[in-house]
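Sequence order for the protein chains is A and B. Start counting the first sequence at 276; every next residue gets the next number (this note's numbering). Start counting the second sequence at 32; every next residue gets the next number (this note's numbering).
Worth double-checking, as some hints may not be accurate.
The calculated lysine-lysine pairs, modelled on DSS-like cross-linking and capped at a C-alpha distance of 30 Å, are [stated by the list, open to error]:
1) K362(A) - K277(A)
2) K443(A) - K63(B)
3) K443(A) - K520(B)
4) K443(A) - K301(B)
5) K277(A) - K520(B)
Hints are computed from structural coordinates only; laboratory data are not their basis.
Listed below are the residues making up each chain.
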Amino acid sequence: MKLIYIILLLLLIVVACVFGVFLVSEPVASTGLSHPTIDAIRSGGDGLARFAPVSDIALLMLSAIVVMFGTLLYLGVSERRRTLQCKAWIAAGTIGLLLIWWSIFGTYSLFLNTGDVRLMLGFPLPTAFTVYGLWLGGFVFVIAYVVGFRWFIYTMEDETAFHDLVEKYRRDRDNN
Amino acid sequence: MEAVRQPIILGALLVYVLFCVAVGIWAMGRTKSAGDFFVAGRSLGPAVVGLAIFSSTMSGFGFVGGPGLVYSTGISSLWMCLTSPLGLALGFYLVAKRIRIIAEIRDTMSLPDVVAARYDSEAARFLTAITIVLGVMGYMATQILAMAIVLKTLLSSTSMFSEISLIACAIISTTVLLFYSVTGGIIASVYTDLIQGSVMVVAGVLVFFTAINVFDGGMQEASMILFADDPESIMPFGTAGIMTCIGWFFMFGLGLAGQPHVITKMMMNKNLSDNRTILPLSALGYIMTALLWISIGLIMRSVVVAGIEDPLSAPDQAAAAFLTVFAHPALAGIVFAGLFAAIMSTADSFLNIGAAAIIHDIPRAIRGRPLDNELQWARWGTIGLCVIAIVFALYSYYINNRLVALLGAFGWGTFAAAIVPVVVFGLNWQRAAKEAAIAAIASSLLINFFIEVADVPIPYGLPGGFLALVSSLTIFIVVSLVMPAAELKPDIRDAMDL
Chain A
276 MKLIYIILLL LLIVVACVFG VFLVSEPVAS TGLSHPTIDA IRSGGDGLAR FAPVSDIALL
336 MLSAIVVMFG TLLYLGVSER RRTLQCKAWI AAGTIGLLLI WWSIFGTYSL FLNTGDVRLM
396 LGFPLPTAFT VYGLWLGGFV FVIAYVVGFR WFIYTMEDET AFHDLVEKYR RDRDNN
Chain B
32 MEAVRQPIIL GALLVYVLFC VAVGIWAMGR TKSAGDFFVA GRSLGPAVVG LAIFSSTMSG
92 FGFVGGPGLV YSTGISSLWM CLTSPLGLAL GFYLVAKRIR IIAEIRDTMS LPDVVAARYD
152 SEAARFLTAI TIVLGVMGYM ATQILAMAIV LKTLLSSTSM FSEISLIACA IISTTVLLFY
212 SVTGGIIASV YTDLIQGSVM VVAGVLVFFT AINVFDGGMQ EASMILFADD PESIMPFGTA
272 GIMTCIGWFF MFGLGLAGQP HVITKMMMNK NLSDNRTILP LSALGYIMTA LLWISIGLIM
332 RSVVVAGIED PLSAPDQAAA AFLTVFAHPA LAGIVFAGLF AAIMSTADSF LNIGAAAIIH
392 DIPRAIRGRP LDNELQWARW GTIGLCVIAI VFALYSYYIN NRLVALLGAF GWGTFAAAIV
452 PVVVFGLNWQ RAAKEAAIAA IASSLLINFF IEVADVPIPY GLPGGFLALV SSLTIFIVVS
512 LVMPAAELKP DIRDAMDL
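Bound conformation, chain B alone (with noise of 0.2 Å):
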């Protein structure tokens, strides 16, 4: 069975791929209009939205740098991942019906075109839009280049790609992204998550169920080893220690209702009474998948402190280990198909919403009016996103990282100091004032920048993106008790009420 483990691995990788092509091809006869490209229509089923959800929010580093940071410092990470439920719920409850609302009274395209719906601001539509460009940068270089590892890795493991570069592994993988991408749009995006979400719970519960059988006694057999080298590894804090996990805690299950690749697909289900059903759908699609993230971490910790398999060189390398040393090669082809899934269903939401705020918001902030021909200029605009994220990717891995970890920056983090304020103030409170939405959005940007740029330390490992989340909602409320009430217009109040 071993001589077919690469042939079987790059077999289900092919497959996936070949999957992905077809859904472009079918998707681009459904994409008529911008509307179509950037929200589907707003006709998407509730099976489809939840996986999409969950498959865009678990991304390739729910898949690689998850399984990596528990074998680095055992139980920490497990702040982030075990507070989705939570973070859906805060998600769904605070945003996902008012936004829904607003998109469909409004004909909103993207996120941008509700917060400057919301506030009546084209300054905060400006600023949306530019938060998320920046963030996408930063998220589609690194997804870029974990794609052009993984393929270099398994290809160059054969003897026909032996010497095959990672420029070719990220010209061949992001033209597979890209093809799908700018033919079918969200819908594309959104019918490969569905596959892509499917593909990364079957991989979850699989690698789970193989690794509390790697010890005979389970996994807690895994923690008595473990607790014997280092009890705080394995204790609720982990190596990180308190302070870094309570920040991920709040940062993690807040900073959800901030994501717009996540928020966004919150207005494209055609019923909104399907909320009640892809809430529950992407909550238990998240656990299972981070499954995977944490028996990974865990049992390779484990076994390498035990002394039963060599230490690895580099934390991130702690999933491809596991497959290849205790997965049966069937499993070993689904997670490493799951592991494509997860980075491409993440990538393809954030090409979708930074083409939308390239070719829809900005032109829309600074002109009053949108492009003509918006659903051609869409197109454009995601491969000429994807051409840039390509050059930041290469330029990070072969000359210098300083830009790619600036803009990386510009991460969760950012994302849920800039716009959860605006978003889940916004839409429940209508005392929120534009002002606030303005200064919320301009100070967490330079929080994070100037944490980032100048390497602030900050005691007990607090994380900047913490920081100037609490900052941020503090600033938002203050700032809008402090400014005269303003008036909404008539659709958005009644939207309110509801």
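Okay, chain A solo, but in the shape it has when bound (with noise of 0.2 Å):
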């Protein structure tokens, strides 16, 4: 299947949720309300109020566009260099990424389930896993674009068939 049509079918996953999120009944506060004492503050208010109705939306609206982010990465390398380390580096970042979007909706949902809350390196555990899993996730991919540059990113032989075309259009330029 190429490569467009999954990202099409993802694109079309995220267009349903949004439509989806249009439908669903909407709280009062589902983007926070005024802090009870302090001006310029918001609050978060009844927090399973306004998950509930979108939680299931949610989850497969960022799960679709984690893949699709991983799809698009896929499609940014050249298909001559598709290679097998290509495919690990760019699916164990996405499944990564997945894995912490999952860790922070799961932690979460738990969280305003039961109204247990533990805290791991300065945050409670749904917020540390954005705060690190997010940034940390992403660059996995920055990691495998230096440790992968010239295995299918830049190769030896790409650079050289570089500089051949410059030469091959620069020629043809000054002859016009």
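Combine the two chains into a complex, taking the hints into account.
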């Protein structure tokens, strides 16, 4: 299946989720409310009341977005260079990000339903997954780019081909 | 030490301003053509490009608006800044290599040049240039206003300048910006970015360590204070809620690949292989600077809800209040210089791409050929753009902020929605059609404008820019699949095959 069809399918899932958001009932303070005593600060209010109607949609939507990002990164690698190493890096990064997202979602749902809160590295557990996980998860792709640069991003062969191309079209331009 | 706080801060600013002027004079000697003015002759090293990319991404919004958003909404806005390594990775995988190859083969000077080359379409060039001009006007007006407000805050606390007006501050700060942008073009811009980026990283790290030591129990104590006041504020989606955060994650993650002031810099490195250094440098720089965004906002919210400090009258005062109360005067000096640096490094990038759109791309799209003596016109274009932006900025401050708010809607979200599909699919999918590019740009502008003008209520706070980006990506793919596949020019096909 061509990558572009996978991306289109994932986009259509996101579009369907957006329609879903428009269709479900919206609690009064879905985007927070003014803080009762302090100006210029907002409160979240009843977390469960605003989370429950869209929780399934949110889980599906961000999962689709993460897979879409992985697919787009793969699209960015030249077709001839989509080696096993490239696939392994991008799959590992995408699965890692998915696991982070599911951990954020799962621990937050648990907190809303039980009220239990555990701290990790200075933050409540779901927030720690967000603060440390989101940027570290993204960094996997940065490391993959650095490590795999000469394997699947811009090989020595590509570099030679690039210089040949520049020379060829420069000559053509000069001749014209 | 407190007695010399103000002189230290003003001294740091003065040193920084003098540095910018000196770089402008130095870069003037190296700017001999429009190519030098707009893309630095594609001759820059990896450190310069790496720092320029992250410092122009982290604008004054990151230094002032970011902490303000965390102060106001808790964790929510972290979904904007923590996506940056992922966003930069997307930009480099999808754009950096091919845009640099096309820039070399076609000798392009701007993003609309690349779009026109890829799609063989002057209409696509024209629409991209118009999008850039509209976005730049909104961004520039807000950046100029931010510079003027910061300068007025600093100067009015001295006896000599206690009565200085906002207009005077706007003129002083913009004159510095204009001086080095006009004399040295993008060369001055990226070399000032080098220092601006370094100052921002140092400021971010020092502020972070200061912030986590405000409470004896560190960040954990701050978290518990926030949790006791309002659990949602310190939970992963903050007070804004889950859908807003997901929208920001998408917009700021993928959207970075469509920011013209960022991806234009991907055309400027001397060697394509330098991308291997540029990406990690940019990602690390951004994350270290984002420490300021995160830590100031959380600590200021904690000390206010704990009753240790008085509430702020506006969220955007969070950074200034933190520096006044908790920072050593020398650190405050560095951070205020860093704040100016953050604003200027973004503003000079916008001035450059805006001038390129006005004097290079729009004339080429209309006349089919560039203006004579582009370098001279580039300098006049930069001045003209800056003057209009000052007028917009002051008009919005004194009379009516609706105009800038409208243009501001053409900020990150509109650049993302209009440019991401055109560039990302255009450079990586040979079937991407020019009709799709035109449809995606037009639809994204219409959707963003409609949402802003009609003030459309969107449930659960889904950002309008997110809806526009999802729509334009979908429209782009569908239109490309419906249209018959067009033959690519041989050089573009060769570039895409690499």
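Structure-based check of each hint:
no. : hint              : verdict
1   : K362(A) - K277(A) : holds (15 Å)
2   : K443(A) - K63(B)  : holds (26 Å)
3   : K443(A) - K520(B) : holds (14 Å)
4   : K443(A) - K301(B) : holds (19 Å)
5   : K277(A) - K520(B) : holds (23 Å)
When the structure is compared with the earlier hints, no violation turns up for any of them.
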